[in-house]
Each structure stands twice: as C-alpha cells, then as structure tokens.
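K.L.:
For the record, the sequence lines run as chains C and U.
The first sequence begins at 5 in my numbering and counts up by one.
The second sequence begins at 19 in my numbering and counts up by one.
Please keep in mind that the hints were generated in silico from the structure rather than gathered at the bench.
Note that the structure is a prediction, hence the values are computed from the model and not measured.
Positions of the beta carbon are idealized from the N, C-alpha and C atoms, including for glycine.
Some hints here could point you the wrong way.
What the hints assert, rightly or not - To list a few chain U residues with every Cβ distance to chain C over 10 Å, as calculated:
| id | residue |
| --- | --- |
| 1 | 65 |
| 2 | 69 |
| 3 | 118 |
| 4 | 133 |
| 5 | 208 |
| 6 | 284 |
| 7 | 303 |
Said to hold, decoys possible - Listed next, with one range per pair, are the computed distances between beta-carbon atoms:
| id | chain 1 | residue 1 | chain 2 | residue 2 | range |
| --- | --- | --- | --- | --- | --- |
| 8 | C | 506 | U | 101 | 40 to 46 Å |
| 9 | U | 186 | C | 530 | 50 to 56 Å |
| 10 | C | 492 | U | 122 | 54 to 60 Å |
As the list claims (entries may be wrong) - To give a feel for the contact side, a few chain U residues facing chain C, derived at Cβ under 7 Å:
| id | residue |
| --- | --- |
| 11 | 28 |
| 12 | 47 |
| 13 | 59 |
| 14 | 60 |
| 15 | 163 |
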Amino acid sequence: MTGPTAHGRGLGQVSVAPTRTPAPRSPQQQPQLPPEQQPELSPQLGVEDLFGEPRSPEVEGRLDEKLRQAYFWMVNHAIISPHYDVEFHDPSRPRTVFRLGDSKAEVELPTDQSYSSFALLPLLTFAVRGRCLLVGGPGRGKTASAILMGVLAGYPVREVRRAMQHGHPQLTVQDMFGTPLPRDLVAAERLEDIDVAWRSWLGRRVKIVDEYNRIPTRTQSALLTVLADGYVEVFDQVYETRAAAWYLTANDDAGGGTYQVVDALRDRIDVVVKALSFNSRFLDDLVLRAERGLRPEENVPAAIVFDADEHARLHRQVVAVPLPQPVRRRLEFFAAQLELLEPAARQLEYRTKDTARLAGVDPHDIALQDTGRDKLADIGAQTLNGLSVRALQSLILYAKAMAYFRGDAQVTLDDLRAVLPFVLHDKVQPDLESPAFDDPERGPLRTDRVSWLRDLFDTACRQYDAEGLDTDDPVGQVLAELAVGLDDLPEQEVRRRLAHIEGLLAGWQDATKLHGHVYEDALALKYAHQRYSGYLRWLGWGGR
Amino acid sequence: MSSPVRSVERTSAYGRALAAHSTDVETLLRSAHERGVDAVLVRTALVDLGPFVDPLVAELPEPEGGELVVALVATVLDLTVGARWRPGRPERRVVEEILVTLPAWCAHQPAATVRTLVAAAPAVQRGANLDLWAHLLGRAPEATTVEQVRDAVLVAAWRAGLARYRIAALDAAARLPGTLARAVLALEPDADVPAVLAAHRADRWSWPGLREEPGVVLRAGGSRVLGGPWFERPLAVAGGPTGWAVRADGAAWALVVDVHGHALVPLGNVPPALDERAPVGCSLPVPWQDDVTGLVPDGARAGTVLVSRAHSYAVDVVRLGDAGARALAERAVTV
C-alpha cells in the first residue's frame with residue numbers, strides 16, 4: 005500500500021500525485037533506442053495520424069497514470085491485500101534481505117515500486133481485455149475484485165452484480181446465454197425463425213463468471229466458444245460478443261469442483277492469480293468497514309472509471325508498447341528450452357514433448373532414456389510440455405501491459421519476468437519426478453508454481469548470459485538478413501548466404517549438444533536455407 | 019521524388035476520401051501494424067501518396083473515388099510491409115507515374131486497375147520495357163471490366179517485350195474490344211486485329227509494318243560478368259520446347275523469342291536431347307567477322323537462324339536474305 009490513507013478513509017478520492025516516477029534503470033534492464041529510432045509516433049497509426057503533424061502518444065492522454073491510480077485506489081481502499089509479491093528492484097540500490105526461521109525464509113525489501121498480484125493482474129487483464137482466473141479459498145475477495153473491474157468499466161455496481169454469471173450444476177446453455185422466445189418455439193417452422201432473447205451480459209466490456217468449475221461440462225463447452233471465438237450460438241442464432249475483459253473465479257486451483265474443467269477452457273485463460281491469505285494485522289480495516297457499512301465497489305471515484313472509448317484506447321496503447329529485440333531473444337531462448345525431447349522422434353522436427361504426448365507416452369519416461377543431458381541444468385527436464393503459441397501471445401501481451409502500467413517506453417526484462425509466472429501458471433506442467441526437485445532446498449518448488457516458473461526463467465536467463473547470446477547470435481543475423489526480403493538479391497549473394505548457413509550447421513556437428521535453443525536454431529537455419537534455395541530456383545526460372 | 023508535404027491536407031480530395039472511408043483504412047493500418055511495419059514508414063508512405071492520388075480522386079465520383087483510395091492505401095501498405103515502397107521500384111512507378119495517365123480506367127475499375135498494374139510491374143521491368151508498357155496502357159481507352167483490365171495489361175506487357183506470355187497474350191487480345199486491343203498492341207487505328215493476330219500466331223516474326231531486311235534481328239545472352247546468364251561462351255543448338263536452345267556452363271537454356279521480345283529460360287537439371295551437329299556453311303548478313311560455332315534454322319520459318327560464334331558471349335537471331343534462305347534450304351538442313 006502507498007500513501008497515508010488507510011482503508012475506509014478518502015474512499016471516493018484519488019490522489020493527484022503522480023503514482024510513478026520511473027526509477028533509473030541499468031542499460032541492460034531498459035535498452036535505449038538510438039535517437040534517430042526513438043518513436044515519434046504511436047506505433048499503431050489511425051487515420052487521424054495522417055492529418056496534421058505527427059501525434060505523440062502523450063496527446064492521447066495519460067491512461068497509464070489513470071490505470072495506476074486505479075491500482076492504488078484498489079489496494080488502498082477496496083481490497084485488503086497488503087502483499088508485494090510482484091517485486092521490482094532498482095539496480096542502483098543495494099538489496100536488503102533477511103532470512104527467518106529454520107527454512108531461512110527470505111524477507112527481501114523491494115527497492116523499487118512493487119505490487120500485489122491479486123490487484124495488479126486483474127487490472128492488467130482489464131487493460132488488455134484478456135481472461136483472468138482468480139483462484140483461492142472462499143471469502144478471499146475473488147468475486148469482489150472481479151466486480152470492481154466491472155465498476156471500473158463504468159457499469160453501475162448493481163448491474164455488474166446482476167450480469168455476473170454464477171456457476172452451478174444446473175446451469176444450461178440457455179440459462180447462460182439466451183432463451184428462445186416461447187411464441188417462436190410454437191410458431192416457427194424452421195430453426196432460423198426462432199428469435200433468441202440474448203442475456204445482456206454478453207455485450208459488456210467486462211464479463212464475470214463466478215465459480216466456473218461448478219458449470220456442467222456442456223455449458224462449459226459453450227462458454228469456451230465465447231471465450232475463444234467471441235460468439236455464442238443458441239437455436240441456430242449467433243450472437244457475436246465484443247472484445248471484453250473476462251474474470252472467472254474458482255475455489256480450487258487444481259481444477260476440481262462440481263465438474264472437471266474442460267482442458268481447452270483452461271487453456272484459453274491468459275493469467276491465473278491466487279487470492280493470498282488474509283493478514284490478520286489488518287483486521288482493524290475489516291472492523292472499520294463493518295462499523296461504517298462501507299462498500300468500496302459502491303464508491304469507486306469517477307476519476308478512475310474508463311469509458312468505452314478510453315478502454316479501447318487503453319488496449320491500443322498497451323498493444324503498441326514495443327517489445328525490444330534483446331528481451332524478445334531471452335523469451336525465445338526460454339521457450340526453446342521447454343519443448344525439446346530429443347529421444348521422442350527420429351526426424352528433427354518431431355523431437356518434442358508434443359510427439360510423446362500425442363503418442364500417449366509420458367514425456368518423463370522418454371526423458372529418462374536421455375542419459376547425455378544434465379537434468380539439473382536443463383530446464384526442459386523439469387517440464388512435461390512446451391509453450392503453445394497462445395501462451396506466448398498471452399505472455400507478450402501481459403508483458404506489454406506491465407511495461408505500460410509501470411510507465412516504461414518499452415518492455416523490459418523485469419516486466420516480462422514479473423508477469424511470466426501468472427501467465428504460465430496453468431500452461432506449463434512441471435515434471436514433479438524430475439531430479440531437479442530432489443534437492444531439499446528446491447522441494448517447495450513442487451507446490452509453489454509461481455516461484456518455480458520464476459526460477460525456470462531466471463535459470464534460462466543465466467544460461468543465455470553465459471552463452472553470450474546478446475552479442476554473439478549468428479542465427480539471429482541470418483534471420484535478420486532474410487527478413488529484409490529477397491527482392492533484387494543477386495544470385496552470388498544468395499549462394500554466399502547458403503554457404504554461410506551450411507557452415508554454421510557444420511560447425512555445430514561435433515562441437516555442440518542439441519540443447520533446446522540449438523534445436524530451434526537448427527530448424528530456423530533449415531527454414532532460411534529452404535527460402536534461399538527456393539529463391540535461387542526462381543531466379544533460374546525467369547526471375548532474372 | 020518524394021513530396022516534402024508532411025501531412026495529408028484534410029480538405030483535399032485524398033484527405034476527404036480517407037476520412038470518409040476511415041473504417042476501411044483503419045482496418046488496413048491495423049493489419050499493417052500487426053505485420054510489424056514501422057509507423058513512421060507507414061505515415062510517410064501514405065502522406066507521400068497525396069500529390070499523386072489527389073488529381074485522380076478529385077475527378078472521380080463516389081464510390082469509385084473512395085474505392086481507388088482504399089485500394090491505393092492497401093497497395094502502398096503491402097509494399098511498405100514488404101520493403102518495396104522504394105524510389106525506383108516498378109510498383110512505386112505505377113502508383114506515382116502510370117496511374118495518373120489512366121483516369122478512365124480508374125473511373126471504371128479503380129481497385130482492379132491498381133492491383134493488376136502493381137502486380138504486373140516487377141515482371142514487366144525484369145523482362146520487358148516498362149516505359150513502353152506504360153506508354154501502351156496510357157494510349158488505351160478505358161477498360162470497363164476486371165477481365166478487360168487484366169487482358170489489356172497482359173497484352174501490353176507482351177507487346178512491350180515479355181515473349182514468354184505470347185500465347186496467353188494472343189488469347190487475351192482476341193477477347194478485347196477492337197479499340198482497346200489496337201491501342202495496347204500499338205496497331206494503326208484501322209488495323210484488322212483478328213487478321214494481325216492470326217498471322218502472328220502462324221508466324222512469330224510476322225507483324226504489320228515490320229521491315230524484313232536481312233541482318234541481326236536481336237541479340238540475347240551475354241557474359242555473367244556484365245549481367246548476362248553465362249560464364250562460358252554459348253553454343254546455339256537445336257531442340258527444347260521452342261526449337262532454339264543454347265548450351266553453356268554445362269547447362270541448357272531455351273530461347274523464347276518472337277517479334278516483340280525474347281527470354282532465356284533454363285531447361286532444368288535434365289535438359290531434353292539437343293541436336294549439337296556442327297553448323298552448315300552459310301553466308302550470314304551480319305556486321306561481325308567470326309567463326310560460327312552453332313547455327314540453327316527456325317523450324318517454322320525459313321530464312322531466320324540462331325547463331326553462336328567463337329568470340330561472343332551473346333547469341334544472335336539473324337534474318338537471311340532470300341539467297342541465304344535458299345542456300346540453307348538447298349543444304350536440306352533439318353532439325
């Protein structure tokens with residue numbers, strides 16, 4: 005929490021003080037573009053940008069500041085979540101760490117503005133119009149947090165409550181989405197003659213599904229269609245929903261509940277956030293609320309409400325935050341480590357965990373055959389699957405939102421690291437039998453998914469640094485040359501590049517083990533080789 | 019050259035059309051952004067477009083004016099994404115120089131005209147004369163349907179030198195209205211198009227007004243060092259899909275040629291069997307003195323031969339005089 009206000013006091017007000025003065029960062033943390041490449045325009049142009057002088061993002065209004073104001077109002081007045089589990093550090097200041105108890109539990113005091121995931125991630129979901137699952141025991145404030153998001157979107161709190169879908173075992177597709185008009189049911193001769201009275205919540209910018217793991221499987225499948233494809237179908241009538249932020253709640257993180265949650269539905273969820281336990285030191289705030297009958301959701305200040313246009317602009321601005329190449333490379337390196345399963349196939353392209361899973365074989369059993377690999381150093385040995393394209397897209401989007409929220413001009417490694425465990429929470433499955441968990445010090449990582457994922461990423465970053473890939477990336481150069489395009493490329497140059505690719509692969513033959521990043525680099529070189537070979541053939545057949 | 023204008027004038031015809039079709043333009047901008055193109059490049063390209071498109075749009079009613087602007091924006095964004103919106107590129111010349119000569123085309127088929135011309139321009143630049151192509155199109159009256167636009171562009175491309183499109187162009191020319199066909203074929207206003215096409219289909223060297231004097235008709239190939247296809251001196255041989263082929267560097271090429279242009283097409287890794295018999299002696303009406311290494315008569319027309327020689331990286335197509343043709347026939351050279 006920040007500032008002098010305590011819960012219940014100043015509920016309807018927002019501080020006018022700026023919420024964030026960016027701390028100095030090391031060049032590694034925040035790569036700077038050379039002056040001639042500094043963006044003078046918002047990267048996402050609109051027609052209006054073509055008229056008049058180039059418009060800078062500043063002109064569009066500081067919605068990032070408004071988003072931060074919303075965050076601090078939430079943690080100061082609405083949600084009692086005195087946690088700072090999303091930590092940031094100022095590299096110019098020394099770290100202060102204390103170790104408590106037999107387990108030497110670390111208490112690290114953040115040196116830069118840090119945040120509570122339980123308030124932050126729903127807010128980032130609001131900004132990117134993503135899908136957020138709030139999990140935790142009953143009474144932890146999951147539903148209240150989701151309702152607040154609806155109010156932030158400008159809907160009256162009563163309407164937000166009414167529009168919220170409550171999961172229960174009898175919930176049907178029609179209950180949830182819309183009912184055919186009885187008159188039409190009797191009179192209609194064809195399905196398309198039946199008009200459906202659609203539920204009003206489908207058109208909202210914030211959609212809430214409470215206790216989604218209590219919804220019957222068939223209704224879950226219909227919900228999946230809305231979540232994934234943005235439309236719902238009842239009696240041959242189709243309703244297209246608009247872009248929205250989704251909040252789903254569940255009492256059981258492990259997917260239990262009245263019904264097993266459909267896997268595809270879990271996969272569509274962008275972030276998973278845990279409601280942390282209540283800190284009894286803050287009981288006086290609860291007492292104060294009870295005595296005064298305060299309901300934060302009924303006192304949301306107008307200054308932090310986003311109308312439809314602001315919400316759309318917010319999303320546009322977040323998407324426009326650049327993801328610089330050095331950060332992207334680390335993400336590529338990390339993702340590359342997770343998918344490879346060398347003994348799973350003979351052909352290079354199929355040597356993945358997916359091949360094993362599709363064959364009905366446990367990737368762990370196949371990984372045991374791989375005796376030449378250091379299972380402690382190889383982070384791929386700790387997971388049963390790799391990253392899907394959807395997971396990577398969510399990761400990039402939330403990293404951009406994190407950067408935007410912090411007022412960064414572009415995504416930094418810290419931004420990516422902060423959101424990664426929440427995005428990959430349900431998307432990367434740990435191999436709990438991996439030797440990496442045998443070390444007693446790493447034992448807690450079996451149950452602490454957030455710390456485990458952060459540890460995976462940190463390990464990958466250390467390996468990336470050790471290999472010096474920021475400065476020595478021959479495959480990156482090959483792909484960069486290719487990305488410029490083949491137009492007007494003379495034959496001699498194409499032949500030189502083909503020879504260079506073959507030289508790189510030849511150089512790896514005996515000198516390099518097939519680590520995850522080498523595997524993906526080899527596939528990338530094969531791709532580039534094919535593109536150049538095809539172009540060479542085209543040149544010969546009349547391109548000249 | 020790019021205009022120094024820094025923004026689109028809101029009250030210009032182009033500016034009004036952009037505003038009126040902002041939904042379509044926004045979608046295109048979003049798509050370009052998703053493909054990773056730099057915003058500054060996009061803005062510069064679309065602003066630079068103004069002076070060229072404005073006079074065209076000002077003359078057009080709706081919806082054609084809007085359709086033209088949307089098609090141009092889509093095209094320019096595609097070119098920008100592919101790093102092809104550069105000065106000197108044929109696609110850019112279409113947008114900045116050629117379209118403005120085709121107001122009647124743009125009035126009838128704005129989108130098809132833009133897309134077809136831009137798509138065709140690189141191939142025309144590579145294998146033909148882009149200026150002649152633009153000239154032929156510019157003298158043509160309007161093409162009123164999408165099919166006419168495509169056919170006219172194809173026929174003009176062939177007429178400007180793309181010999182590989184000959185058969186398709188002859189078919190397309192036959193479909194065009196007479197006035198349009200005469201214009202893109204550069205024929206006289208009273209020319210009988212079907213007769214011209216029929217005569218040319220029967221004899222690829224036939225064309226109205228062509229002076230059939232003996233001598234070198236065209237020269238093809240050249241040293242790789244100077245941008246040609248070969249490192250070695252070529253040998254003219256008989257065979258391949260056109261009857262005329264060339265061997266060099268251990269590979270074979272077919273010479274596709276007609277009265278308007280030519281192309282050398284590699285015959286792949288396994289070329290067809292070629293007749294590499296020594297050339298028959300023959301007096302050639304040529305300006306050079308050299309040893310002939312290959313001489314191949316045209317199977318379809320007596321009196322025209324493909325010649326390679328000892329000291330040239332090029333091959334020549336030579337038209338013989340009547341005496342030379344007779345002499346060649348008497349030697350009963352068969353291919």
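K.L.:
Tell me the hint numbers this structure goes against, listed in increasing order.
P.N.:
1, 6, 8, 9, 10, 13 and 15
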